[in-house]
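So you can see what is in the structure, the chains are spelled out below.
Protein chains: 4
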Amino acid sequence: MSQPVAFPGLAEFLAATTGRNMTKAAYVGVAIGVLMIALLTVDPAYAAARHWIEGVLWGCLAFFAFEWLVRIRTAALKGDARGYMLSGRGLVDAACALAAPIAMLCGVDDRTAWLLAALWIVKVFPGVPGLRRLRRVLVLESRPLLSVLVLFLMVLFLASVAVYFVERDAQPALFGSLPSAMWWAVVTLTTTGYGDAVPITPFGRLFAAVVMICGLGVFGLWTGILATAFAAETRRDNFLRTWESVTKVPFFANLGPAAIADVTHLLRTIDLPPRIVIIRKGQRGDCMYFIAAGEVEVDLPGKKVRLGEGAFFGEMALLGNYLRSANITTTRLSKLLVLDLADFRLLMARHPDLAQTIDAEAKRRTLENQ
Amino acid sequence: MSQPVAFPGLAEFLAATTGRNMTKAAYVGVAIGVLMIALLTVDPAYAAARHWIEGVLWGCLAFFAFEWLVRIRTAALKGDARGYMLSGRGLVDAACALAAPIAMLCGVDDRTAWLLAALWIVKVFPGVPGLRRLRRVLVLESRPLLSVLVLFLMVLFLASVAVYFVERDAQPALFGSLPSAMWWAVVTLTTTGYGDAVPITPFGRLFAAVVMICGLGVFGLWTGILATAFAAETRRDNFLRTWESVTKVPFFANLGPAAIADVTHLLRTIDLPPRIVIIRKGQRGDCMYFIAAGEVEVDLPGKKVRLGEGAFFGEMALLGNYLRSANITTTRLSKLLVLDLADFRLLMARHPDLAQTIDAEAKRRTLENQ
Amino acid sequence: MSQPVAFPGLAEFLAATTGRNMTKAAYVGVAIGVLMIALLTVDPAYAAARHWIEGVLWGCLAFFAFEWLVRIRTAALKGDARGYMLSGRGLVDAACALAAPIAMLCGVDDRTAWLLAALWIVKVFPGVPGLRRLRRVLVLESRPLLSVLVLFLMVLFLASVAVYFVERDAQPALFGSLPSAMWWAVVTLTTTGYGDAVPITPFGRLFAAVVMICGLGVFGLWTGILATAFAAETRRDNFLRTWESVTKVPFFANLGPAAIADVTHLLRTIDLPPRIVIIRKGQRGDCMYFIAAGEVEVDLPGKKVRLGEGAFFGEMALLGNYLRSANITTTRLSKLLVLDLADFRLLMARHPDLAQTIDAEAKRRTLENQ
Amino acid sequence: MSQPVAFPGLAEFLAATTGRNMTKAAYVGVAIGVLMIALLTVDPAYAAARHWIEGVLWGCLAFFAFEWLVRIRTAALKGDARGYMLSGRGLVDAACALAAPIAMLCGVDDRTAWLLAALWIVKVFPGVPGLRRLRRVLVLESRPLLSVLVLFLMVLFLASVAVYFVERDAQPALFGSLPSAMWWAVVTLTTTGYGDAVPITPFGRLFAAVVMICGLGVFGLWTGILATAFAAETRRDNFLRTWESVTKVPFFANLGPAAIADVTHLLRTIDLPPRIVIIRKGQRGDCMYFIAAGEVEVDLPGKKVRLGEGAFFGEMALLGNYLRSANITTTRLSKLLVLDLADFRLLMARHPDLAQTIDAEAKRRTLENQ
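Going down the list, the sequences are from chains A, B, C and D.
Quick note: the first sequence uses the numbering used here, first residue 1, plus one each step.
Quick note: the second sequence uses the numbering used here, first residue 1, plus one each step.
Quick note: the third sequence uses the numbering used here, first residue 1, plus one each step.
Quick note: the fourth sequence uses the numbering used here, first residue 1, plus one each step.
With the rest of the complex left out, here is chain A (with noise of 0.2 Å):
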């Protein structure tokens, strides 16, 4: 494990390489690593290719203990080790790149060392897409969040008892104590319902009956508080993301603050690769888009037009003429916004300037191709 330091040029070069290589690699490295903590377990496959499967995963481990050292030298040379090695992230790839070596020094069957390369998959985390988003529903709405569970709670409790006392006489080996019926009592006001232990006097079936009922009430504050806040959140990121790009579109650079927020609330932003095909000729459209960045391709009969960065298309779907009439593809990664045909209108509607603009350029477009 201490090669890597043994060969400064490749970690220097490594280092180089974008930080994104390193994580594609290591994605990779996880899945290759769960895989293998999966095959681990199962007897015949053990058996079978034991020395295959743990060369396996040493290589996932020197890899990551590899990457570990590497981003070491890379804060580093940025003067900010300490800081990335006390870093959440730093910690787990620490955690990563240690425990399971750890584990075995301590004198830990081999097997049961390697499950705690389960937490490379902890590694996968920060690349999740969205998952910002979902963090600030949850930290934001954590009060309501945390007493929704407090009650839980209470009700397990409240319930447990009653059941242990209905049902410890009939069924002592099912709830012969409190924790065997708050067992019963989580299993059950989840709507889970194993059916491993199950309440068979008359008032321990009342009981339960009422605990399931709770627990459909509990399920619905969850969902009731989880779906306010992404409901909030979504209509914050979409506008900031869209308001970004709206700036940069020539388009609407006449317009005043308070239009260019009128106008975000209506557009939406999308990320396209090259070569993607927006609209295909004949299809029916419903939606015109702004160019934020990047290129499209307009492939009209007999030549094809480039359109750059705040050009416009697809208006003429809007203005009456519903089928497409040439096929648009992206050259390079392009943001686009998009505007709907609902939202157009309403546009039109309260910047009849703009809808004049459309117009002209639209009418310009038809008389040139004819």
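Quick caveat, the hints were computed from the structure, so don't treat them as lab data.
Be careful, since some hints might not be right.
Put simply, identical chains are the same to the list, so a pair is met inside one copy or across any two.
Unchecked claim - Here are the simulated lysine-lysine pairs, DSS-like style, with alpha carbons at most 27 Å apart:
hint : residue 1 : residue 2
1    : 24        : 281
2    : 78        : 248
3    : 78        : 281
4    : 78        : 303
5    : 24        : 304
6    : 335       : 24
7    : 24        : 363
Fit chains B, C and D to the supplied structure of chain A, relying on the hints for placement.
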């Protein structure tokens, strides 16, 4: 199966009949086919009526193969046979027509090969009402839904490892490998709870309780995302459909685009078949109607009046006289714009000129019918 | 059962008493009847008290038959007996009165025939509060709910075929036919998870995991649709109920219709029975009240003041003095408009003239009560 | 238990200490008590440490009895001992102090009597954060929630009768009476699905499938109602809390009430304990802060600046310079108003004068710190 081509006249005839009839026939075919596949797998039914069941299945197959060929020919007449055959729909049609016979030719047991005919049900897919809206919701919210899915899988994996660790010695048959523990985890996280594998150690149960509560959380996020997106799509859809209709009603013709956008938010579109009683005499009314398309018949004492496109009716119920004074029936397929009492008041508040028009017309009608 | 007709005076008397009393008696009858039906099916109870149970059931039946005849007579006096008998309600009343005896006449075992009396519970249906709103939600959103149902059925069928295919050899007793596999699929897709049929092959479990996650998705869509529709209906309902009341309060009389619409959005209607303490002295207040109908009594030191329709109270709590200074009680059934602190501020911001009126009245009252 | 009264000095002292400390002690007492009750029911633990467990329980009981007496005395000093004793809280305190001993005096077995001490957990109830909001949601939406519950019970009863009818001969042990069938129905409708009673006849399974789908529907309605109500309450709550704070910030002092209502909708309140790093140097910023109460310390190079009530900071991150330029820490408990980037832009658009003030201050600070 090559017979239809031998009767080009018939194919022509079928291509000439609307695709609608063909589609209806296909739905019936799917329903019969699905029933036959189910019967095929029930041993007593198969033993008793093997030949009937297989006969009907061959009949359905012949129909779908024939339908596929007709569609290819129809597309070929439009010069785009290849386009159809490679489109999603064309591929589904091909699979429906060819999957089962090809499997039989490859030597698969007849009864098993027919299971591939279950694909027929996919033909119903494009006909599901409101599907477009559902798809838009799923596409627009694919990123957060995906992050919830990734979170779900991460929780699944870590929960499996933890429960495998604490339960493998106590229940080697059920938790003896990570894949087995994962099966338990997915059954628990989705709150399905079969009860085939249940942790019995105290720590296993503690982990399980946490997993169940996480399951509720994942569920809540999922629902929250879908609810939010669905609300936005519903608003957008209604607005679009209603806008189309509003612009066709002369009553609203003098409004500027901003006012039309405003009015559109207050109205709701409904489509009614002929001979439907919209208003029943003596009932309490809480909405008025504008006719966007179609015609209605007012059953006044002694005479019948017909109202056509652009007319409105039912306004008296909103002007103080809450009981409907006549039966009103559609005479043909009609599209009506509904204005509820609450929205009527908002409309009157914001557009007093419209209020006067409605008031004047109501007075004129009252005088006329005295 | 023909007895009631033999005492027309009694029938007249009952027809004269309000339908409300009749309805209340019917609810009591339904409650008793339902309890008796449950007892009837419990063998020990039936053996011990057969005659009592059947006696009470006959009594309930006689009452419902009698109620039906009274309602027919009442309708006949209004000249529309046929209308009532063919209306939904009339048919339910007829079924409640006739189903069980007809079954007995047809030779059905008594104990089984009485099960038809379970229909009695349908009589409660029209009395469920808020039912109209629920029905509107279901009707307006019937299309998307239907598409989710169709999607659910398609997933159900395809999942059944897949699991039947992989599990039929491993568990012929549980997955030996498509209907059996469908039973498993519906139990799993709804996340009920009885555990009576559980896939055991690796592929079966993989399919099952996908089915469970789809189950969550269907659930989420379903909830999302209902939540969206419910939110819209609730807004509409509150608006309507509040509008009626606002227009009756002189305080708001000078507002134009646009301002009334605005005010209506800020208020909330509550109905209170007599002798309810609305405001308790010394409590922290966060809302004020307008009396739309009814009367309240203010318990000032040394005297009692009565406020009637159109008056307002509790405004001092919103003007800086947060502790309530007197008990206020309803003297009869009253309809109040509640203005919460948050909305009070919005109202004051938008309608400064109303703010002045409230302020002046508050000062006058303070002076008077010193 | 009458000891505390024997030391009036101590009671006085405790009554003088804030109720807060008393409440905290009570929470600790509840936690210990709940643990002991659980241990009491576990036979091995009880056998091993009976005296310890009972001793601690008696200790908790003594504390709660003492707390009750102190509270009565405190209330008596305020002249309202009877008011406290009959209030909800007073009754709970009395029950917590007296239920278990009274049961013992009545001759109930000690171990069973202690189960009544489970009531202690109800003491935690008023301390649950956000509970007021949850209660308001449940109270305001009690009518629709009740109608869903009634629908649920009606479906439950009809489903029970149907399944009892078709399954009673096939499974007399499980579906032999209506109450047994009802147990099955409630387990199924709530999607708990223990699997202890499962229909086996084809019709029974068909009914069961319908019941499960109805269960999802009930669930969806429930969640929809709660989500809708929760969203409304959250908006109202945030508005109220923020309004209080906004009016204290001089920056907003010149705005009229309508503008304050507008600004309030854009801000969010957070409460921070001392020594929390609000802004970390070098991080990407996406919001600015106004100090409604408390104080923060800006860690500029070479000097530390303190900002008090009414000041704002973090605005540079919103004016183009996205990286935070200094650490900012709270020095004491502070209430901040957060303005997110998205809302900052809306605010600037609607109130250009505020924009200028912020811009000017930002320039002044930049110059000063160069």
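Verification of the supplied hints:
1. 24 x 281: Result: close neither inside a copy nor across copies, 37 Å intra and 29 Å inter.
2. 78 x 248: neither (33 Å within a copy, 44 Å between copies)
3. 78 x 281: between (52 Å within a copy, 15 Å between copies)
4. 78 x 303: between (51 Å within a copy, 25 Å between copies)
5. 24 x 304: neither (36 Å within a copy, 43 Å between copies)
6. 335 x 24: Answer is within; shortest intra-copy Cα gap is 23 Å, inter-copy 42 Å.
7. 24 x 363: neither (48 Å within a copy, 43 Å between copies)
Consistency note: the structure conflicts with the earlier hints numbered 1, 2, 5, 7.
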